[in-house]
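Asker: Sequence:
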Amino acid sequence: MHAPTTEVVIQIKRLEHGSDLPLPQYMTPDAAGMDLLAAVDDAVTLQPGEYRLIPTGIAIALPRGYEAQVRPRSGLALKHGISVLNAPGTIDADYRGEVGVILINHGNEPFVVRRGDRIAQLVIAPYSRATWDPVDRLPMSDRGAGGFGSTGHTSG
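For the sequence shown, the working numbering gives the first residue as 7, with consecutive numbering after it.
Zero decoy hints are in this set.
Have a look at the derived ranges for each label pair, beta carbon to beta carbon:
hint : residue 1 : residue 2 : range
1    : D48       : V14       : 29 to 37 Å
2    : K19       : P140      : 35 to 43 Å
3    : M146      : L84       : 39 to 47 Å
4    : A151      : A49       : 49 to 57 Å
5    : P28       : A67       : 15 to 23 Å
6    : L84       : Y32       : 17 to 25 Å
Hints are computed from structural coordinates only; laboratory data are not their basis.
Note that the structure is predicted; figures quoted are calculated from it, not measured.
For each residue, glycine too, the CB sits at the ideal point set by N, CA and C.
Could you put the whole structure together from the sequences, leaning on the hints where they help?
Answerer: Rendered as C-alpha cells:
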C-alpha cells in the first residue's frame with residue numbers, strides 16, 4: 007500500500023532563455039524530486055574543483071509554508087563527481103527570481119553541461135517556523151550534551 011502524498015499546485019514561469027525547455031517533471035510515479043534542466047546557451051565546462059551558477063530558465067511562486075530544495079542528482083555524483091555546492095539549496099516561498107543551481111565538479115575530469123541536461127532535482131516540502139522560548143535550563147534527555155561520535159557507533 008502506498009502512503010498518501012500531498013499534491014500542491016505551484017505557479018511556474020518559463021523565462022525567455024528557457025522557453026523551449028520542458029518544465030521540471032517527475033521521472034517515475036514515486037519520485038520525490040523533479041529534474042531541473044540547464045538553460046545554458048552554450049556548453050559550460052566545469053574544471054575539477056570549479057563551481058558555477060547554472061540557470062534553469064524558470065521562476066516559481068511557492069505557496070506560503072513550502073520550500074523548494076535543490077538537490078544533487080545521484081547519477082551525476084556517482085559517475086562524474088558533480089554535486090550541488092550548497093546542497094540542499096533552499097528556495098523560499100517569497101523568492102520570485104530564476105531558479106539557479108550551483109554545480110561543483112568534485113571529480114578528476116572536466117565536466118560539460120549542455121542545454122537541456124538534467125543537472126539537479128527539485129523537491130517541494132512543507133516547513134515549520136520556530137519561535138524561541140529562552141529558558142535557564144533545558145529538559146534532560148538520555149543523550150544529554152554528547153556531540154559528534156558520542157554514541158560510540160561507527161558506520162560501516
